[in-house]
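Participant: The residues making up each chain are set out below.
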Amino acid sequence: MNSEATFHPNEELLEGYVQGSLSAGMNVVISAHVELCEDCQQRSQEMEATASQHWMQAEEEQEPAISADVAAIIRSITSQPQVRELPERASAVEEIHMLDHSVRLPRVLAKVASDGLVWKKLANGINQASVTLDDKTQCDFLYMKPGSQVPVHKHQGNEITLVLDGSFSDESGMYRQSDFVVRTPDHTHQPVSEEGCLCFAVLDSPLTFTSGLARLLNPLLRYRFRRATSIGV
Amino acid sequence: MNAPMTAAASTNSRDESSAAIQEGGSDEALLIAVGNSQDTAAFNQLFNRFSKKIFALGMKLTRNEQLANDLVQEAMLTVWQKAPLYDLDRGTAQSWIFTLTRNRCFDIMRKMKRQPTTVSADDIWPQEGEVDFNLSHAEQGSMEVEIANIESYYEQLPDAQRIVIEQIYIYDQTHEEAAATLDIPLGTLKSRLRLGMGKLRQMIGTEEDE
Ligand SMILES: [Zn+2]
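If you read the sequences in order, they're chains G and H. For what it's worth, my numbering labels the leading residue of the first sequence as 1, then goes sequentially. For what it's worth, my numbering labels the leading residue of the second sequence as 1001, then goes sequentially.
Isolated chain G (complex conformation) (with noise of 0.2 Å):
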């Protein structure tokens, strides 16, 4: 099911990844991301590797203040049982249901949509099920019905939107199924799907529409629909 991807995380965000320095939002979108790409997998473990050598090379300035006496803490740890086998995963919602097929999500993603979805409708034929991950980002799931566009806006921070099915395209480009669209906050932008998409958005701050409120409940431009109902596939 996985379609090559064009457009990845940069060398920060991929970094910053397998660093562990992002917040839980941005983890998410990019774990979802290298889950769907074999090139950034191979990046991914490429960086953990030269992160781990320059980890082991680097200077401490502090040491550890470990109050306990060492060798009791050697003996309470080695006093517990090992892993011997993978725990089996608990199955998590592995699927969403659109229309018409279901769309199989990222590990991650099926995770983060196990306590359950709750969808709005947001202004024609988009569909909202936002799901709170930590304090700094808005994340949520969207779903484009075919045809949908969404209104003019802006951000304050940066927005990333990795596509799980079907398309969709702005100013700049078009965006299939694995992308990573990165939006910076100077940038203005108008996503249309034609063929109707499901994708994952991580806000790291508040978005603003450029056109007022209003705009989101108006009827938007329309589009000749391909199919009528199907989403991709």
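Everything labelled a hint here was simulated from the structure, so no lab data went into it. The beta carbon of each residue, even a glycine, is placed where N, CA and C say it ideally should be. Take these hints with a grain of salt, some might be off.
Stated by the list, open to error - Here are the simulated lysine to any residue pairs, SDA-like style, with alpha carbons at most 20 Å apart:
(1) H/Lys1111 x H/Leu1061
(2) H/Lys1113 x G/Asp134
(3) H/Lys1052 x G/Gln53
(4) G/Lys136 x H/Pro1116
(5) H/Lys1060 x G/Gly16
(6) H/Lys1060 x G/His54
Unchecked claim - If you want a taste of the chain H side facing chain G, the calculated C-beta under 8 Å gives, among others:
(7) Asn1069
(8) Met1076
(9) Trp1080
(10) Ala1083
Claimed, not checked - Computed Cβ-Cβ distance ranges for the label pairs, DEER-style:
(11) G/Thr132 x H/Ser1026: 39 to 47 Å
(12) G/Ser130 x H/Ala1160: 31 to 39 Å
(13) H/Asp1183 x G/Trp119: 53 to 61 Å
(14) G/Glu63 x H/Gly1024: 30 to 38 Å
(15) H/Asp1183 x G/Glu59: 30 to 38 Å
Assemble the complex: chain G is given as a structure, and chain H with the ligand must be docked to it using the hints.
Facilitator: Just chain H with the ligand, lined up with the frame of chain G:
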């Protein structure tokens, strides 16, 4: 609850690996000794080598001394617990401990900030060895194929995989015994076994299809 290892078992295993350990063996050798034979002397050495490193990474990620100290204990506990799953084929001991430390740190920070625990580090960064998990279920009972055929397939396997299968299926050793005999981590043994068995099945499957 969990019975501690018998004294005899741990003494024996320490004797076997003590030479490498005392000479200051590689991180990998230490980790293998911990994973294959619960070698506490080897674990001691790993603790000495890595606790400063773990603390430093904790400081960098949390900027909180208390958390960084907690992280040393949590991460080293995970090293102990998961050592049998360490897999030489997938990277160095330092990279294994680095990723495990990063993951524990993520979980500790979330717990401290009382953030939703829907996702944990193990969801975000897939665990080593998990990818081909399904194969291990199918492993049993797959040997009921004509022996003559298998032999020729078996010859085609890479040495590393063949000797593992040999230990398990021909000499009838347990996974732990075979890992000790071959002096490789249990995790490596299991992944080579999975790969080898997967290849055998594939060869058998292809033959039948044609
Ligand atoms: Zn990628």
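Participant: Evaluate each hint against the coordinates.
Facilitator: Hints, one by one, checked against the model:
1. Between H/Lys1111 and H/Leu1061 the alpha-carbon distance is near 15 Å, which keeps this suggested pair within the 20 Å criterion.
2. Taking the CA atoms of H/Lys1113 and G/Asp134, the gap is about 9 Å. The hint holds against a cut of 20 Å.
3. This hinted pair checks out: H/Lys1052 and G/Gln53 have alpha carbons roughly 15 Å apart, not beyond 20 Å.
4. At roughly 12 Å between alpha-carbon atoms, G/Lys136 and H/Pro1116 fall within 20 Å of each other, so this suggested pair holds.
5. Distance check on the hinted pair: H/Lys1060 and G/Gly16 sit about 13 Å apart at the alpha-carbon level, within 20 Å; holds.
6. For the hint linking H/Lys1060 to G/His54, the alpha-carbon distance of about 13 Å falls within 20 Å, and the restraint holds.
7. Hint on H/Asn1069 holds. Least Cβ distance to chain G is approximately 6 Å, under the 8 Å limit.
8. A least Cβ separation of about 6 Å between H/Met1076 and chain G falls short of the 8 Å threshold, and the interface hint therefore holds.
9. About 5 Å separates the beta-carbon of H/Trp1080 from the nearest beta-carbon of chain G, less than 8 Å, and the hint is met.
10. Taken as an interface hint, H/Ala1083 checks out: its beta carbon lies about 6 Å from the nearest beta carbon of chain G, inside 8 Å.
11. Between G/Thr132 and H/Ser1026 the C-beta distance comes to about 44 Å, which sits within the given range of 39 to 47 Å.
12. Checking the proposed 31 to 39 Å range against G/Ser130 and H/Ala1160 shows it is violated: the Cβ atoms sit about 48 Å from each other.
13. Separated by about 55 Å at the C-beta atoms, H/Asp1183 and G/Trp119 satisfy the suggested range of 53 to 61 Å.
14. For G/Glu63 and H/Gly1024, the hinted distance range of 30 to 38 Å is not satisfied, since their beta carbons lie about 21 Å from each other.
15. A hinted range of 30 to 38 Å holds for the C-beta pair H/Asp1183 and G/Glu59, which are about 34 Å apart.
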